[in-house]
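Produce the complete structure using the sequences and hints provided.
Number of protein chains: 2
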Amino acid sequence: MTTERQFIRELQSKFPNRAPVLIGIGDDGAVLDVSADSQQVVVTDLLLDGVHFDLQVTSPFLAGRKAVAVNLSDLAAMGCRPTAAFVSIAIPRHGIGMSQNFLSELYRGIQQMTDEFQFALAGGDTNSWNGPFAINVCLTGVPFSERPFLRSAAEVGDAIFVTGPLGGSLLHGRHLSFMPRLQISRWLARTVAVHAMMDISDGLSLDLHRMMEASGTGAEIMASAIPIHTDVPTLDSNERRLAAALSDGEDFELLFTVGESDASILTAAADDAKISIYKIGQVRNEVDIDLIDADGNRSKMQDSGWQHTV
Amino acid sequence: MTTERQFIRELQSKFPNRAPVLIGIGDDGAVLDVSADSQQVVVTDLLLDGVHFDLQVTSPFLAGRKAVAVNLSDLAAMGCRPTAAFVSIAIPRHGIGMSQNFLSELYRGIQQMTDEFQFALAGGDTNSWNGPFAINVCLTGVPFSERPFLRSAAEVGDAIFVTGPLGGSLLHGRHLSFMPRLQISRWLARTVAVHAMMDISDGLSLDLHRMMEASGTGAEIMASAIPIHTDVPTLDSNERRLAAALSDGEDFELLFTVGESDASILTAAADDAKISIYKIGQVRNEVDIDLIDADGNRSKMQDSGWQHTV
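Sequence order for the protein chains is A and B. To convert, note that position 137 of the first sequence is 137 in our numbering; the numbers rise steadily by one, no gaps. Counting the second sequence from 1 gives a position; our numbering is that position plus 310.
Treat the hints as calculated values from the structure; they're not laboratory data. Here the structure is a predicted model, which is why all the values come from computation and not from measurement. The hints are all genuine.
DEER-style ranges, computed between Cβ atoms: (1) A:238 with B:440: 31 to 41 Å; (2) B:526 with A:112: 25 to 35 Å; (3) B:326 with A:145: 22 to 32 Å; (4) B:326 with A:58: 22 to 32 Å; (5) A:193 with B:343: 22 to 32 Å; (6) A:146 with B:343: 18 to 28 Å; (7) B:493 with A:260: 46 to 56 Å; (8) B:603 with A:59: 51 to 61 Å.
Pulled a few chain A residues facing chain B out of the computed Cβ check, cut under 10 Å: (9) 24; (10) 42; (11) 90.
Here chain B is said to cover these stretches of chain A; the calculated rule only asks that three of the stretch's residues, wherever they fall, bring their Cβ under 8 Å from a Cβ of chain B: (12) 6-14; (13) 83-89; (14) 115-127; (15) 130-144.
The beta-carbon is built from N, C-alpha and C at its ideal position, and this holds for glycine as well.
Put into structure tokens, the structure is as follows:
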């Protein structure tokens, strides 16, 4: 078995970036130089029945919505607004695929996102087969400010923030109905010099490790500062609740860093704008990530989130 | 059952084009305005085991190669060179997916295309599941000349050309090993004012109907001028051989039109450049497509190619 991380490294070594690609495999999306003074971001995600949703219990509306929303979350993570969507679907020849209603509902879910964020469904591909339902979405986007944000741009001393409470997303179906954080991404892009940003799709612990690894840095995280979602059972032990916030995944909140001097400015601006952001720690030189409890005890944070094997 | 054509019309009515999308659903690819003076084309195709190839007999190398090549054919059809590829794959948890060699060979096939045409693999998504193998490829491209070519730009009086012999592609595996017509697309873009262009993926008869419908025109085709591929069995009757050239599909040759006065210039230039192109007929005002045999007898050409039902 190869981990996703190893697999991505192998691809990076085989496939060189060639102009106009500035940033290729390894971030939330790719960055292309499309003219002398403008950049474009392209993101893509493939969602599969039985993996990312279960059509036995999930409506086609929510499946279509989620397929677009997870890609919008990737664009938000790079500080971009969407410009166009490309949707490919594989429809089972028997069962759900035969229902005209299935497709109408699927595209109604897609349309909720294209209407909400005002971009076009500009192309795609449709096939039927003997396999289960699959949907691939590819989105193009352009930066809210001059440049897209990368996960590799964290700097030693940066304050680390998340945009919302974490954990329990799969338990309560939040992974199907979340609102991608485009609004706060735009606000951040216009308010402060964001250093690194990515979305939390596989759990804070794994995604923070990815950001720190990409940036060549480490971090100290205050356990008590991590916001825990109300979807995490309140009767669980504190330890289990923290583990849920660190590892459940599919939160689709943003994880970002800003310079230390910008952190307090940002916190004040967020208060004024009634926007919730949570400072959870600090970037440091040592490459490990320490988790510090309320008593000041340190432990290594494990990269225990959801990592696909291929 | 809804035909692909009806399905596309429904999507067009639900999803309006929004800036920067100039051309959306319905052509070989979408056209985006990416800056004041440059356009980008985006194409996508989803290929499925058991539909577009059969991994029981097709090597993963050829499957990966084909997944990129069919998209390159769409770019060639729009007069564009590729700039970046985004590849999403769903890998069966059991069977082929477990073999490391499968992925290496798949990406070696993809790499043959990215190296041949010098563009980047810039992103993608990888998941394993309990379904069969599926691969979605999305490519970005930029025009060889100022603007992309559309299937809707045929004009009454235009000469109609194809870039190579047709038929028998599936019979002899040409659909797995064809070379996308990027070179001739570039040559055409630089040699003549191409009016309409598209690639022949579902058979000349169906694809020509699509081009004429999109252009609001019809055509007269000389049956004896249609080049028949050597992959079509020579012992078949002339009628069956012609039907194969019209309907077999997966030829991935280009179908294009140029103004009548440009047709002879183009034919002479092609002779000089030792490039094979075949003039097969003419665009006309009446919306039907007539097929004219060697004796001058006319019959209506059926849109009998491969049309997916969804």
